[in-house]
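Novice: With chain C fixed as given, assemble chain Y onto it according to the hints.
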Amino acid sequence: MTEVTELSWPEADAPHTREVLLNLGPQHPSTHGVLRLVLELDGEYVARVDPHIGYLHRGTEKLAESFTYTQIFPLTDRLDYLCPPSNNLAFAIAVEKLLGIQAPIRAQYIRVLMAELARISGHLMITGALPMDLGAMTALLYAMREREMVMDLMEMISGARMHTSFCRVGGVREDLPDGFFPKIREFCDIFPNRIRDYERLVENNRVFLKRTQGIGVISAEDGIDLGLSGPNLRASGVDWDIRRDEPYEIYDRLDFNVITRDEGDCYARWRCRVEEMRESVRIIEQCLDQMPEGPFQIDMPTVAFPVDKDRVHCSMEALIQHFDLSAYGFKVPKGEVYSAIEAPKGELGFYIISDGSQKPFRMKVRAPSFVNLQGLFGASNARFLADMIAVLGSLDPVMAEVDK
Amino acid sequence: MSVETTLIRTLIAERFGGAIEELGFSHGVHAFAAPLDMVVELCRFLKEHPALRFDFLSDICGVDHYPEAPRYEAVYHLYSLPNKWRVRIKCRLGDPPRVPSVTGVWRTANWHEREAWDMYGIRFEGHPDLRRIYMWEGFEGFPQRKDFPLRGYKDKLNPFGAEGPPPTQPDLATKDIP
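Those sequence lines, one after another, are chains C and Y.
Each residue of the first sequence is one higher than the one before, counting from 1 in my numbering.
Each residue of the second sequence is one higher than the one before, counting from 1001 in my numbering.
Keep in mind the hints are simulated off the structure, nothing from the lab.
A few of these clues could be false.
[To be verified] Distance condition first, Cα-Cα at most 27 Å in a straight line; then the derived DSSO-like pairs of lysine-lysine:
#, chain 1, residue 1, chain 2, residue 2
1, C, Lys331, C, Lys309
2, C, Lys62, Y, Lys1090
3, C, Lys331, Y, Lys1090
4, C, Lys97, Y, Lys1084
5, Y, Lys1154, C, Lys359
6, C, Lys62, Y, Lys1146
7, Y, Lys1146, C, Lys334
8, C, Lys359, Y, Lys1084
9, C, Lys359, Y, Lys1146
Extracted from the complex, chain C is given alone in its bound form (with noise of 0.2 Å):
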């Protein structure tokens, strides 16, 4: 079998019962997604584990190389659907790094607007899964209807609920719509009081305590030699977000709180993001209030489309342009580059190497969920099938990102 997690036993000298194989998943509802988990029993005790995944494998980056770079932002969405700008957000940052340019002021605020939307949508499921997964339904439904409001600001700016591609090369797709900013301050002015209410439904249900705290508990040393990152490894007491420690966009200019616990249990694990909601909704703020005028979209007829669509119409070169970008996309300078992004999940790196063509040579996605799923051997005193659940939802896995 396999190198898996060896759990020291309760009563050594109990006698040895036969061990039982049990196959949790693929199709589960606690498992999130398509995950099998090959667990070996003995009576209650989970003895070893054996993710088995790849039941999503779409081979996304095997489809990249022979896309142009444009069209690998439809892909981008399908790793983590629950929060697909900052999938787009990482992707377009290592493009542009090869390219040698940066967005236009106003569209990094809106993409970074976008992610930090995208993160509260990414973090309310897990607000409100978790507690289901351990019994606790009625946590789910509220972060649903707050969730349908953050479904709904996408869908103003982008015309999509779920799969925006919403970002280009080069900045965003378009300008924000009308009437867009009294219907974000309203969710902003809502959504704090509403992060309250789920504590409150959830802080005082002694079940989940019972079950949260004390269970799964990942060391920080556990943690960095797993490869964890993001709010998993947060909640183990390490303070690393790439957001503040290697700030790209313009998270430099904000002011926000990086959130670590001490503890590293699945109780950490979901109160981390919890608080990270807040934090969150703080960046959106500051995005609102900061934003300037301005373009878009680079004025860079090479890589972007005209701003102005208008051109099209009335310029040979314009016309030319667009076709050519359409049609063919545009060349990367040979090179590579490996950049890392805070997705809600963690660390989310694009390594891209150009042959200098207008598709990759190699595009390599390290998925935050992929690794932190290896979290299930770091969960050291998970002793009972029960808390493996707990476990399991506490590390917030999205299938579709374990599986590219």
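Specialist: Structure of chain Y alone, referenced to chain C:
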């Protein structure tokens, strides 16, 4: 050239002499090329040196440079949590590709290496459990190699695949290394 670049270069040169080739600094990452027998040693050195402390393995990635030779490459991305530096280690591999596993240095390397094995057939020697991770058991071939057709090979489950039988790859996972 910044202070950190000089420091990383000097320390590596002191320890390994000329064996590790410097590939320059670009887009926030220091790149080095290591020969295949030095990868593990270099990783351990970067992780454990008190001034460097590259304690976080971000990613391991396989690359196929077909039809160039040597054809394959393993790329490691390391991050230093205390110093906020990034390092890339590149290692060119022949055909069939083999490289020592770094699972002894970071446990997280386990799945990254399984992925590179699954997609490129890079054999990580000393890996405790080198099975396919995405493709199913019994799948033949390594789908992300450049000579593997995008739609796969035609068979009864895949009528739109490319003509030609799937290549029978020797299952290196079950064979001992001579």
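Novice: The structure should be examined with respect to each hint, and the outcome stated for every one.
Specialist: Hints, verified against the model:
A C-alpha spacing of about 22 Å is found between Lys331(C) and Lys309(C), which places the hinted pair at or below 27 Å, so the restraint holds. A distance of roughly 21 Å separates the Cα atoms of Lys62(C) and Lys1090(Y); the hinted pair therefore holds under the 27 Å criterion. Between Lys331(C) and Lys1090(Y) the alpha-carbon distance is near 25 Å, which keeps this suggested pair within the 27 Å criterion. Using a Cα cut-off of 27 Å, the hinted pair Lys97(C) and Lys1084(Y) holds, with the two alpha carbons roughly 19 Å apart.
Among the hinted pairs, Lys1154(Y) with Lys359(C) is consistent with the structure: their alpha-carbon atoms are about 26 Å apart, no more than 27 Å. Taking the CA atoms of Lys62(C) and Lys1146(Y), the gap is near 9 Å; set against the 27 Å cutoff, the hint holds. With a CA separation close to 18 Å, the supplied pair Lys1146(Y) and Lys334(C) stays within the 27 Å bound. Distance hint between Lys359(C) and Lys1084(Y) is unfulfilled; the C-alpha atoms sit about 31 Å from each other, more than 27 Å.
Proximity of Lys359(C) to Lys1146(Y) is assessed by CA-CA distance (about 14 Å); at most 27 Å being required, the pair is judged to hold.
Consistency note: the structure conflicts with earlier hint 8 alone.
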